[in-house]
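Participant: From just these sequences and the hints, can you work out the full model?
Protein chains: 8
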Amino acid sequence: MDPERLRQLLEAVARGEVRPEEAAAQVAAATGGTAPIADAVLDHARDARTGVPEVVLGEWKTAEQVAAILQGLASGGRGALATRIAHDKADAVRQLVPEAEHVAAARALVIRGAPRPHAGTIAVVCAGTSDVPVAEEAALTAEFLGATVRRVTDVGVAGLHRLLGRLPEIRSADAVVVIAGMEGALPSVLAGLTDRPLVAVPTSVGYGVGVGGFVAMAAMLSSCAPGVTVVNIDNGFGAAVAAVRAARPRQ
Amino acid sequence: MDPERLRQLLEAVARGEVRPEEAAAQVAAATGGTAPIADAVLDHARDARTGVPEVVLGEWKTAEQVAAILQGLASGGRGALATRIAHDKADAVRQLVPEAEHVAAARALVIRGAPRPHAGTIAVVCAGTSDVPVAEEAALTAEFLGATVRRVTDVGVAGLHRLLGRLPEIRSADAVVVIAGMEGALPSVLAGLTDRPLVAVPTSVGYGVGVGGFVAMAAMLSSCAPGVTVVNIDNGFGAAVAAVRAARPRQ
Amino acid sequence: MDPERLRQLLEAVARGEVRPEEAAAQVAAATGGTAPIADAVLDHARDARTGVPEVVLGEWKTAEQVAAILQGLASGGRGALATRIAHDKADAVRQLVPEAEHVAAARALVIRGAPRPHAGTIAVVCAGTSDVPVAEEAALTAEFLGATVRRVTDVGVAGLHRLLGRLPEIRSADAVVVIAGMEGALPSVLAGLTDRPLVAVPTSVGYGVGVGGFVAMAAMLSSCAPGVTVVNIDNGFGAAVAAVRAARPRQ
Amino acid sequence: MDPERLRQLLEAVARGEVRPEEAAAQVAAATGGTAPIADAVLDHARDARTGVPEVVLGEWKTAEQVAAILQGLASGGRGALATRIAHDKADAVRQLVPEAEHVAAARALVIRGAPRPHAGTIAVVCAGTSDVPVAEEAALTAEFLGATVRRVTDVGVAGLHRLLGRLPEIRSADAVVVIAGMEGALPSVLAGLTDRPLVAVPTSVGYGVGVGGFVAMAAMLSSCAPGVTVVNIDNGFGAAVAAVRAARPRQ
Amino acid sequence: MDPERLRQLLEAVARGEVRPEEAAAQVAAATGGTAPIADAVLDHARDARTGVPEVVLGEWKTAEQVAAILQGLASGGRGALATRIAHDKADAVRQLVPEAEHVAAARALVIRGAPRPHAGTIAVVCAGTSDVPVAEEAALTAEFLGATVRRVTDVGVAGLHRLLGRLPEIRSADAVVVIAGMEGALPSVLAGLTDRPLVAVPTSVGYGVGVGGFVAMAAMLSSCAPGVTVVNIDNGFGAAVAAVRAARPRQ
Amino acid sequence: MDPERLRQLLEAVARGEVRPEEAAAQVAAATGGTAPIADAVLDHARDARTGVPEVVLGEWKTAEQVAAILQGLASGGRGALATRIAHDKADAVRQLVPEAEHVAAARALVIRGAPRPHAGTIAVVCAGTSDVPVAEEAALTAEFLGATVRRVTDVGVAGLHRLLGRLPEIRSADAVVVIAGMEGALPSVLAGLTDRPLVAVPTSVGYGVGVGGFVAMAAMLSSCAPGVTVVNIDNGFGAAVAAVRAARPRQ
Amino acid sequence: MDPERLRQLLEAVARGEVRPEEAAAQVAAATGGTAPIADAVLDHARDARTGVPEVVLGEWKTAEQVAAILQGLASGGRGALATRIAHDKADAVRQLVPEAEHVAAARALVIRGAPRPHAGTIAVVCAGTSDVPVAEEAALTAEFLGATVRRVTDVGVAGLHRLLGRLPEIRSADAVVVIAGMEGALPSVLAGLTDRPLVAVPTSVGYGVGVGGFVAMAAMLSSCAPGVTVVNIDNGFGAAVAAVRAARPRQ
Amino acid sequence: MDPERLRQLLEAVARGEVRPEEAAAQVAAATGGTAPIADAVLDHARDARTGVPEVVLGEWKTAEQVAAILQGLASGGRGALATRIAHDKADAVRQLVPEAEHVAAARALVIRGAPRPHAGTIAVVCAGTSDVPVAEEAALTAEFLGATVRRVTDVGVAGLHRLLGRLPEIRSADAVVVIAGMEGALPSVLAGLTDRPLVAVPTSVGYGVGVGGFVAMAAMLSSCAPGVTVVNIDNGFGAAVAAVRAARPRQ
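Sequence lines, in order, name chains A, B, C, D, E, F, G and H. Each residue of the first sequence is one higher than the last, beginning at 325 in my numbering. Each residue of the second sequence is one higher than the last, beginning at 325 in my numbering. Each residue of the third sequence is one higher than the last, beginning at 325 in my numbering. Each residue of the fourth sequence is one higher than the last, beginning at 325 in my numbering. Each residue of the fifth sequence is one higher than the last, beginning at 325 in my numbering. Each residue of the sixth sequence is one higher than the last, beginning at 325 in my numbering. Each residue of the seventh sequence is one higher than the last, beginning at 325 in my numbering. Each residue of the eighth sequence is one higher than the last, beginning at 325 in my numbering.
Heads up, some of the hints might be wrong.
Claimed, not checked - Simulated restraints on C-beta separations:
| no. | chain 1 | residue 1 | chain 2 | residue 2 | range |
| --- | --- | --- | --- | --- | --- |
| 1 | E | H442 | C | S496 | 25 to 31 Å |
| 2 | A | P422 | G | G470 | 40 to 46 Å |
| 3 | E | D415 | C | R474 | 35 to 41 Å |
| 4 | B | E341 | D | A428 | 31 to 37 Å |
Everything labelled a hint here was simulated from the structure, so no lab data went into it. Each residue gets a CB set at the ideal place from its N, CA and C atoms; glycine is no exception.
Facilitator: So, in structure tokens, the structure goes:
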């Protein structure tokens, strides 16, 4: 940590302008260590180790926990992201962290920070209208990590011509995220039509035997087209991280 | 039963040329009743009720049972069919019923009989080389029931262009049987490209999460393309029966 | 598209009477192309390819999305259908699309359009009172697609005589849709009593080991009576499409 | 134990005509205690507690273990039974226990003993030829326990008329065991046609989604006809015990 | 049907005191035929065929449907029963059928009718406090069918001594219903301690791997103690019917 | 039971100061017998048999049942504990039993009693913030049973360095409870780094393929590190009991 | 296709030195079309479309089919690969295609062809000795596709220090394939320690609850470490293709 | 490592009496490091870290791999153990490592070494004769790790009195391993009767719904008796390790 900034920070603590916990978190964030807060230990070094900072998985956390972790993570100046945030919880968090922006289409909260290095171009392709929320989670995450995103929506296999017309956009991206529910056939078809790294995301859109997305997931893993890799159901976030790992220029 | 034929049959019994059991089976077959043999009760009236005669499912039956039932069913003069017959069992049955022909590609035994009314044209489409045995079971069954069969093989979705070139043959059939293992995506793609009745057959070709064909089956049932109907895994026989029900002219 | 109608449409756009998006959808609907609207790409050519127009699966879509797609699909003049619409969502859609009729028994919204060619007669047979909503979805869909429907209700296997008295109505239809929950035995019994194409629909009516309808579905797929084909749980819509494919006269 | 018999036994031990272990087992069998042998503790009091003696489940035991337990159990004079004995193991056991009879159709070994009190009449009804081995296990067990057995074979639901003709035999039994694989519909149909205690046995006859008999089992448990009770897959033995519990006269 | 009663009924119809539908149901109930009402076909002959009248499974039916079927069934004078009725639905039904009594502990509605012949004594044994609602459903059903019921509650295997003290009451009943959730071990232990017909009911009381009662059900089916028969999860009703079939005196 | 205390108790009953039921429970608690209350039979001897008193599993019980059992158990003077108590139910119980303390973080109610013997030191290690409620249930239970607890929170394997820094605290405990959801990898890693008895608790924190905690549970059971033992999903209570059994000094 | 080479080929056909089928396959391979052989349609254009040529999945194919497809694919001069070849089948294929080399450690057959462009460096990391066959399949595939491979073996999480010592080799690769059975924890740990694209391969090494590799697969999909992508169980081939897609330089 | 021993070892290498690889393994074993051999990296420090040395899981390893790892592990002088060794593989390993003893009843190979510190007394309790192989694996492992073992065999819950007579032996052990297949009820019953640490091992003894041991495992995890901990199916080895962790005196 820059000594001058450290000195200023400590003086602010001395003046009572900054609480000691917040100062501790800022120091940890800047130096890549870990920072314990209530019920959590922030892993500020994750960005350095993996190229992707810690992100909050909001589903089972209280609004207070999400708020505290978001603030802790953002204290390093590079912003912070929380996913799987229901509408009500988003409102509660924003009472505590007004600088957090609610991206409802992606069910996420984001605090914008300093720009990250460009991480390539990623095509986010989704099969149906019902899959859009997962696609938006992937797109927002990829953009947060520095990528340019191209959205290709509602091109499921029941009407193949919709997909074929969009192939050039997909083939020229650096990596492709493909999102589908129901029988999950789109990644198999697309993997046979492009040479790009391809991450398939099954969604929980389905009913009867397909309820919960397990069939879509299993179908993607069983793909007869080689090169399809798969993440967990509805895990748009994880797919974006994997796509960025593949797309960004090697340093 | 034609009285003259009955009289002749009984005289043959009297002369010792025909065993009584065999005569009983022939009478039952001709009159549409049931005929008990060892461990089984033949349902000769099924053809009249459903348009499809009883067929032997050979998998768990002994060679002796298969032979006895085949002979009983064939005694009516319209032939008989047994499916899911392993190679060794086929040999053993043919020792007992030499007139039965072994169609190894379909894992079946068939006794040819009087021709049945034409039951339309059925396209049997299969995704990969490994699915061929199920396709041949479907094709043989459809032919046994009076249909004309068109075989379209190895047109899986990983190389879509292979399928697209065969569409005219498929679209002009009266009904379509589509066979696929792995992720089972072919019926979804094809159902969006034809207006024909379409029966999907998942196969047990798959490994890992796809082992046993359950994923292919579930994917077909979850199809986003309406009009796909599904039969049990590897059930080429049942698919052919369903396709014949749909394809044959209404009487 | 009829040039005169096109000209009039464009003039209406010029006069501000028709929004450009709506005009685009009408052109696409009339010419069989695809038409992108918010979050969706309408597949107007599906009717020509498959004999069945695109239908809205409403379960995961917002009321706004359902309304927009219904209007887009109906712009071609042949009506539109949306299934799996909960009561509240139906009300919200009808605020936006007052011409949509809510068929509550079938959980569907329908916009009536120009009549379609007659698609044969379909018997919709259901095992119990609890299965009626799925049966009504099938019946409404079949009627929307041009078929005549016969309803045969509450004829489950625990009281066989109820079924046997209705057999003539069922046997004389062009195709049969059979709907059952719990142990799903009705299609097996019925397939042994008719020669018609038969589509079985498992329902989610069941509890304990039968919860969700998986047992009914698996039992139907395991049927010892050949010719039973199966669609997804509660998929009355898909069963009707398959029945219409089999029942309608070959053109 | 009768003192005179005990005295004679001990004298035989003294003369070396009876091994001590065998004498210990005989004493235990006669007095209703437990008797430890290698790797097992015989439960001679089970007959008094439950009305059914201990029976050997042979599947995972070595031939030596089966032989030792059979002999121990039979030492009380009322015979002994071992089920799920493969053909090879039966031969090996009979080398050690020549008085054991191999009932191949039931995959069982039996040592006949003193007759048991009459345990009523039990109808053993089975759906198909492939289910016969389980039916024979049930029939043999019921006979071993003192019941009279009526066999009704190959009356599955795909040809209902076969069943309807046998109803009087079934309805007049004291209890009914119903055996079926595949979709397991027979118990539902039969439970609606009789007032007798009814035990359903799913069999492992099935393939694809029905492999292993789980679908038949679940369908029986989901039966819409009340009064169906179910035992484990292929458990003809357990079904016979339950039927005997219900059928035998109350003492 | 008694001609005098029929004449009186028809006169009442003529006078407008009885609606024709109601009269039709009464005739059917008295003559053992079927009676169609809205969405249902009453099976009045079931009592004669199976010894148990039709009972309403209320879970997926509307209050209106439950009310109509209850009234139709009760029209024969022997009362009627509806199970799996949530509290709110019970209130709604009782608005329509005030003579129905709500037995909240059993989640059931009952209309008392003429007494039925005595059906023996049944012990209803349950493992824990949480299993009581299922036990009460079984007890109410057994009483409705004419049996005397003994309740033995909270005697699970974690404290065996609680069970052992109640054995005499259990052993002297004509049949036993055993109810347990979690690991479902109680029927195994009890089946080794009595010779009575024994019906095990798994309950949905369980969490984690035991959620929904599937583990309890499977454990009961896997019981090492012979003679345990099993019904569906939470199916107290079906267990009572099976126990009555076994317990009632043979006529 | 101390005769003097018994005499005083009975006199209090005679004076109407103590209800008979309460007195019965106190006698049972003091003498180690069982005590029947409404819908339950208290097992006061469990503490003597197993070293752990009966604890109330509150999930499916009514507030009235929880209150009655808590009071009955506490009547012996050593306190009482109820787990899996939702917030609303806790309030309702406390209306009836004001001396019960609501520990919201552990979803539990506790009545403090006489101190128990020291039961060793237990480390409660949890992988993520979302797992804290289960960890707190384990910690509260262990403390209730006399153990000293060390909490180690948010040390999941995605940031290994967080765990490595806490190893000395863990290694010096008498037993370790390890709590994780998602992929459940933490017990495997930790079991390779300590020689302490280790009980793993999977949590229901997970989504998609991991929903409900089954994957975490199965992964822990499949651990390649020997010595990992597992309890049911979210069963912090059971894990604490097992840890106390291992940690407490042998008497 | 080069006209001179085509002319020479046709002259060889004319001289009887090359069979017409073989010539047809060579032309197709060179021109990127499809080539039908017995039971298969070769997809020579796949390399151009996806950057990876068609590879033979040998598991369900006969030796004759594998041989024919291998030869067809190799006719283009760039070699061919067949995976999942049991030892016996490998011998049978090599009788027909002696130029195929059997790589037993990878259960594969390979025909070496012209070198492909360099596809980067891939680390193949595996958890245990039992996982080596899958690792070798991945390594051979990656090398066949032009990559350099680093093998890191037996570094499972039960002994973390084995992994930590190899991190530099892993971190400096272009992509990482991680292979593990049992609880499948290694990818989670490794994904937190590197920024490389990471493809996880579950193996079927496991028993009990982990049998078949489903637990390892599900654990990898549930990973708390973002960026883990997963392929089917034992699919070393698919993982290598995905890794090559990510690792090779963008052209 | 003792310098004198090291010097001698190196001199032996120099003389060609000891191969360098073997010397490297001996050094590693003595110093607690890791030692790479073909396809494996021995973890000699595991004993120091966890109190239990590395043990070979033999199921998927070749005889050559098992032999090499056994020798490597034994080079430290404290013996070595390999589990899950089929009879044929045991013979093959003993050709290579004659000092390994085959304990057939436990399906294991053991090389005896220097005695380990006493690890307490462990009761190994098993439900049936078929569970003995798993019990013997547990017993052998516990003895290898220094414990005294008491075997209590064939005391399943169908005959409770067999168990009750052995309780004193069980209660006085330091820890208890309980082994059962089928419905897996024994640990629940036993956990209510002892205060000892208790590790339950489900076995794969079961059929039908219980096949593979999953039901026994799930029942144990669902136990209503607190304090039951569970290991993987048939994992006698892991249970013994866990029992030793709990039983051995704290150092």
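Participant: State the violated hints by number, sorted upward, taking the hints as numbered earlier in the document.
Facilitator: 1, 2
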